[in-house]
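Trainee: So the protein lines, in turn, are chains A and B.
Take 18 as the starting number for the first sequence in this note's numbering and just add one per residue.
Take 1267 as the starting number for the second sequence in this note's numbering and just add one per residue.
By construction, these hints were calculated from the structure, which means they are not laboratory data.
One or more of the hints may lead you astray.
As the list claims (entries may be wrong) - Derived lysine to aspartate or glutamate pairs resembling DMTMM-like cross-links, with alpha carbons at most 25 Å apart:
no.	chain 1	residue 1	chain 2	residue 2
1	B	K1460	B	D1344
2	A	K300	B	D1629
3	A	K290	B	D1344
4	A	K300	B	D1618
5	B	K1495	B	E1475
6	A	K220	B	E1660
7	A	K290	B	D1776
8	B	K1293	B	D1479
9	A	K213	B	D1609
10	B	K1620	A	D138
11	A	K51	A	E189
12	B	K1507	B	D1522
13	A	K213	B	E1347
14	B	K1279	B	D1486
15	B	K1458	B	E1327
16	B	K1620	B	D1436
17	A	K275	B	D1629
18	B	K1714	B	E1764
19	B	K1602	A	D138
20	A	K220	B	E1659
21	A	K290	B	E1542
22	A	K220	B	E1651
23	A	K300	B	D1609
24	A	K275	B	E1660
25	B	K1602	B	D1618
26	A	K290	B	D1618
27	B	K1333	B	D1456
28	B	K1605	A	D138
29	B	K1597	B	D1551
30	B	K1772	B	E1446
31	A	K234	B	E1651
32	A	K275	B	E1393
33	B	K1293	B	E1335
34	A	K301	B	E1542
35	B	K1663	B	D1618
36	B	K1653	A	D29
37	B	K1459	B	E1298
38	A	K275	B	E1651
39	A	K301	B	D1650
40	B	K1668	B	D1629
Everything numeric in this text was worked out from a predicted model, so none of it was measured.
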Amino acid sequence: MEENKKKYVNLDLKSLGMIVALVIIFIIFFVLTKGSNATPTNINNLIMQNGYIIILATGMLLCVLTGYIDLGVGSVVALGAACAAKLVVEQGWAVPLAWLVAIGIGLAVGVFAGFFIAYLDIPPFVVTLATMLMGRGLTYTLLKSLTVGPLPQNYAFIGTGFLPTIKITMGEGTLDLVCVAVAIIVSIGLIVTEMKNIRTNNKYGFANIVPWQTAVKDIVILVIVWFFFIRLGQYNGIPIQLIVLGVIVAIYQFVTSKTVAGRQIYAMGGNAKAARLSGINTKKVFFWVYVNMGVLASIAGIVLSARQGGANPKMGDGIEMDAIASCYIGGAAAAGGVGTVIGAVVGALVMGVLNNGMSMCGMSTDLQKVVKGAVLLGAVVLDVTTKKKKG
Amino acid sequence: MSEIILEMSHITKAFSGVKALDDVNLKVEKGEIHALCGENGAGKSTLMNVLSGVYPFGTYEGDIIYKGETCKFHRIKDSEEKGIVIIHQELALSPYLSIAENVFMGNERTSMKGVIDWTETRGRAKEALAHVGLENENLNAPVNTLGVGKQQLIEIAKAMAKNVDLLILDEPTAALNDEESQQLLDIMLDLKKKGVTCIIISHKLNEIERVADSITIIRDGKTIETLRKGIDEWSEDRIIKGMVGREMSNRYPVRDNCPIGEVVMEVKNWSCYHPEISDMQILKDINIKVRAGEVVGLAGLMGAGRTEFAMSLFGHSYGQKISGEVYMHGKQISTKTVKDAIDNKIAYTSEDRKTYGLVLINDIKTNMTMAALRGYYANGQIVDERKENLDAEEYKKKINVKATSIHQTVGSLSGGNQQKVVLAKWMMTQPDVLILDEPTRGIDVGAKYEIYCAINDMARAGKAIIVISSEMQEIIGTCDRAYVINEGRIAGELTKEELSQESIMKCIMDSNGKGDNK
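With the rest of the complex left out, here is chain B (with noise of 0.2 Å):
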């Protein structure tokens, strides 16, 4: 057996008491290509962001072992000296800059103390783009010019201009088409034989299996298991049997009295654009439906196309060169505001509540009627304070927002009471059709539960609900029906009985790289 290069032993790291890693172990060996795989949320990038320094030492519990010595990283300059250099999966270079200069961002080449050296910046970055195979382009060329795939092999020559021993990558190929992939896959076996040690995260187990020579799968924030290539059972089930493999406990809320309706909303043949390259298809012809007091999830990975369709479909939020037809209890309706959605009686709450969800500096009250405002709560422009207040006071009891009173400050809300002030703003607009965007990231488990109950208690009065989630147990436990979504078209539809983590993973696996890419 080859040499250790890198040992994390007994790592636990919690976040205002929540464990996000529970005492994790992953040991890799000098040159090989070691995969991290696990459920959204389980904690790789956590624990990527402990190897890195990015949590500086003394936040977590556990030690670093890095090439025989105990390391205490205190910032990300310290792992880098060591020779740890990790690609996150937002791409880190600076649009404007160029090629050049990006590879050397942060590390630049300089002559006398703080002048650049721009005969060394090209030189050497001439040298580190070699290793990715990009030695001819135009160093000189602002790094936007480059497409998307390039831009990653950008970060990785800006890596090995570091002099990187052990290359961390996550998610690499997330936003590369399938040829920019097998590319990059490539570049990392060729990087392998320059004896770099690479650590991989990736959901797309097909290239895991490729190229990965041992694979450490981590779920709910433990180490399970760590396989090797020509030791263990190699294949894309025996992963996907890791990764989902625990036993469902009672954590959602049974949905009972809620019969099921009439079509409230239909979708037809739905396509986007993305915003900036307007050659590049997002959404490819979507087709859903849902009906009265139904629960329909929409299933998938992260950048599936999720919620770019809940988002172009929101009052044209996202993309362009949006095509489709949308129809409300039989009748088309137009979409093209946000406006126009709400008064047709859609609602739309974001993944990222912080960000498109509330104004984190105003009080309860204020956020909850902030989109109900011009419907329901003013007489003309003048504002209706007293029914605001009797409504948001009754709505917080409702869904049980725990704070002082509806004039508390939102930003100093706890994640899950965020998300049901959230909740209730949408609720207000008294929508026949609730489209939820990873209603339940990042809070504890008794908000969730309360969160489902909400969603329950919505579909029994006939409302239709769309439940994004990149939780396959989340589809599984409140959805009626739940479509797969994949590399932005509808990889599959399940019945309540067809649904498991298995089916979800193979409606995946099955299109990936089926689409015609272009």
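Chain A with its partners taken away, still in its complex shape (with noise of 0.2 Å):
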């Protein structure tokens, strides 16, 4: 049967709307701090200064998709840190080990709060603010108040190092040619991937994206992309920060769009007693997305730890309010059941280009509390209103 229905569509605008609003916010302060803010040092620092955010607002973006949130992970992350360091400064435990470690503490706070969440009813703001104030006390108690530190090289390089660069001379400075090469991948693996997708689309008879809309897209996205990998080879070529935080935002971005599990997780925040009777084990979902959310934490702890070559009991302390905002920012919905890991990413670099364009202009840290708040509220109201228009 043939159908006379029109094969494109118009592209989805909301879902990039936050990307677009952060190339605004980077242009704004780009003028404000007469270029200083796109220099190779600062690119490459906005990826330092942020990637135990973006790794928080995976786990935590889990957790916003079941309707609640986690407190805890700011506690994790520093009891995480100060076993880690602790462990390899004092005992001289081998890094990978003590690592090891850090994480597997981070599974057992997860699983701790996990059981009572998910087996207990107990709602997830109460358990994860026990499990704040605990994880807090414990690390202050494990560190006696004091900071562990210096880190070896080889347990801070993961915070602070960089993969091998081949460099060459360009104008005044030099070039990363293994910063250009991932340009490059990257650059084709999107248009590849952006042609399969209209290659399935055209075979099964699906819409497509009004192509010009789609080329304008893709150019941008590629601008980006370029801007990005030139100014980080410009300075000292790729962070292993960036390694990390790429595997993990490919990992999750992967699982909750293509498996089951991602799957359930969404239809259990968007409707948990519709889930219920389709046969999914609702409270299954809500343990393992804590206890990955505890994993995730004790990975953001030791990455934070290594930047900044120690571990004290103040660190982290009220980032989860960091990464519940990425994730609102970024499109989640505070109801559950919508929201996306590569939202949820930008949402983290809204709030990590503010922090260091406000500090870069001189404004001080109080006030830019005040207008973190504001662009969090003013996300959200615009996703809330532009809904209800739809709706």
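Bring the two chains, given one by one in their own frames, into a single complex with the hints.
Mentor: Structure representation (structure tokens):
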């Protein structure tokens, strides 16, 4: 049967809205700082400073998808980092072993929280408020309120190191060819995926996005990619942190969009009752979401301590709020069931670019909080009101 | 003839083009108990919502004349100020607040602005409770420590505290046992002596026969007749005739070429208790069987236990202390979890598609494959999106879901199309038995017909189908056989030849109160 439906649909601008906002914010600060926020050093710093937030936002997104949040992540970051740092610095443990212990602690906290939330029906807010207090208290006890450090190079490289580089001179500085190579690979990957999508759509008669819109979207993304990697190449190449981030984000993007487990999280967040009556074990989903959050928080702790060269008991204080805000800014719904990993990452970058830009403008950290609060509220208001108009 | 306290004339109310009320007239005399009768969906509750201001003036046509003046209620508060109070079927009590607080909820006794006057609250609460014989209850006890029967009486006391002149009770005895019902009816008669006018909506015709002074019968959104005690014929049979007396039209497609085969599923001695009140038995020894290619109805009134039966069977999703056996193709199986039920090829579509059937913010495709995802649309953990899309397209065409694409969110679809998505979702699990709970509730005639066609197609494909419906017409029109359920037990089994609205009603009436009530 031949269908007479239109074969093209419009690009869903909402899903790209935050990327556009990120670019605009970046440009505003570019003007305000007279270009110094786009220097190679600063682009590198953006990644180095915000890596652990992005890791947390990825895990937090899963919690937010179920309709709740995890308040305990800041404490798990500190606890994991404190253990790993102490084992390495004071006990002389091998770094990978110490990291495994840190991840084990994150896992244990996750199992603890997940058990109460999923199997005893204790509200996540209460359970994770408890893990937040307990985790922080344990960290202070463990570190006796002192800083542990400095960490050896083979620990710190995950937060501060770079991939080997092949530098060539360019203009007044140098350019790393590895970065250029990565940029080329990313570009080809993007174009191939896009073509493959179009081919599948044509084959099965699904609608494609209007061609010029696809072109504009891809060009914008390519410009961002090239700008980013060239800047990194002009600095010192690809940070190890970026690789850690890339792997984590890729895994979670895949899990949330392509696997049964991901589907179950969305279904449960959208309507837990319907999910249960469709054979989804909602308790199990709940449990694993919080276990996962614990593990990712401990990884974030390792990255943060590596970057700071040590662990201190105040580490990661209040960053659960940044992670939660990243998810909401990135388009996740507070009621659950809506949101993407990429969105959460973009949300975290928006926060990062804001922090970074405002600091460069010399704005006090007190006022920065006001701006961040306003941006969070504004992003969600925009999200909710546009949805209302549509529905 | 005594004075008319309320006259509703030529009331017409439409919901997105569909007339729920069509030129309805209602006259209530002062001091009488006036009953409203009609099938589910006839428009009784809609009419009462128009009267109490739930649907504000301007959203309906017609006039409300109350105590001689034309009223334009914009809010519930407006009607309450005039002394009209409605008590809905679902209790509107705040469970952890005390009895006294509940009596004055929304109507608090205050001294200065906004400060609760506890002495006055307790004193007046006692007065109000005296009307319903509860003056000896502990006023400070949380209201959830009382049984449902007493909670219903608290609702009436709450209305009395508002100086009610016209009290409307929507199915007040639906959740009560016989003894509690009797007590409530006695209180109604008592209130009548005190000059309060009552409108009662009830399915329990024996109760209406006992307490009402006149009965207005509504059918398909139209007033059919008003019967008066002592003037017109006054019997349950007469009321039933008024409620159901319409001719059968061709609203149900013929199911031909559909041989009935072996027994597919048999349920034996199924019992279950209320999920919260552990000594309240909801289902009592239910035995049913359904064959391949057969459509079996579960008829009965709302609250009879049909949905509870289906949900408790399907993954023990309702109730506690569930007992009984389930056999599929003669082999005993367990349906302890929803996954067990699905794996054993049982499917259940809920009566409430928005709450239990769909994720409204997700698209058609995702909803369709939600239950079958693990079984049919994944290689290990990874979702096969291509197969998903292809099958979703196929089902969309097959049962004619009207949408721009399979990627449209189901929240934006009409009720009928949403119902089709739910149906497709469960067809995709490739079940042998489908339990369809109110498959056509709240959807238009055209979509209904399509759903019936889909049911016929599934029966022809050898599926065993159970249809739960409160619309007796639907049971008669679609089923090969029907069980009548009443008060949690099977009240009768009717063959296709025996099936009629009168025979179903008779089964219900005959079994009413026969159960060994606790």
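Trainee: Please work out if K1597(B) and D1551(B) have their alpha carbons no farther apart than 25 Å.
Mentor: holds, 20 Å
Trainee: Keeping to a limit of 25 Å between CA atoms, is the pair of K213(A) and E1347(B) held or broken?
Mentor: violated, 67 Å
Trainee: Taking only the CA atoms, is the gap from K290(A) to D1344(B) under or equal to 25 Å?
Mentor: violated, 37 Å
Trainee: Has the given pair, K1772(B) with E1446(B), been kept, meaning a C-alpha gap of at most 25 Å?
Mentor: Status holds; Cα separation ~23 Å.
Trainee: Quickly compare the C-alpha distance for K1459(B) and E1298(B) to 25 Å and report which way the hint goes.
Mentor: Answer holds: K1459(B) to E1298(B) is near 9 Å, not above 25 Å.
Trainee: Within a Cα-Cα threshold of 25 Å, do K300(A) and D1629(B) meet the stated pairing?
Mentor: With Cα atoms ~24 Å apart, K300(A) and D1629(B) stay inside 25 Å; holds.
Trainee: Assess, step by step, whether the Cα of K1460(B) is no farther than 25 Å from the Cα of D1344(B), and give holds or violated.
Mentor: holds, 24 Å
Trainee: Is the hinted pair K1714(B) and E1764(B) satisfied, with a Cα-Cα distance of at most 25 Å?
Mentor: It holds: about 24 Å lies between the C-alpha atoms, which stays within 25 Å.
Trainee: With the threshold set at 25 Å, check whether the alpha-carbon distance from K220(A) to E1651(B) stays at or below it.
Mentor: Distance ~14 Å between K220(A) and E1651(B) Cα, so the pair holds.
Trainee: K1495(B) and E1475(B) were given as a pair; does the straight-line alpha-carbon distance stay at or below 25 Å?
Mentor: holds, 9 Å
Trainee: Holds or violated: K275(A) with E1651(B), Cα cutoff 25 Å?
Mentor: Holds, at about 8 Å.
Trainee: Please work out if K1602(B) and D1618(B) have their alpha carbons no farther apart than 25 Å.
Mentor: Since the Cα atoms of K1602(B) and D1618(B) sit roughly 22 Å apart, the hinted pair holds (cutoff 25 Å).
The structure fails to meet hints 3, 7, 9, 12, 13, 15 and 32 from the earlier list, while all remaining hints are met.
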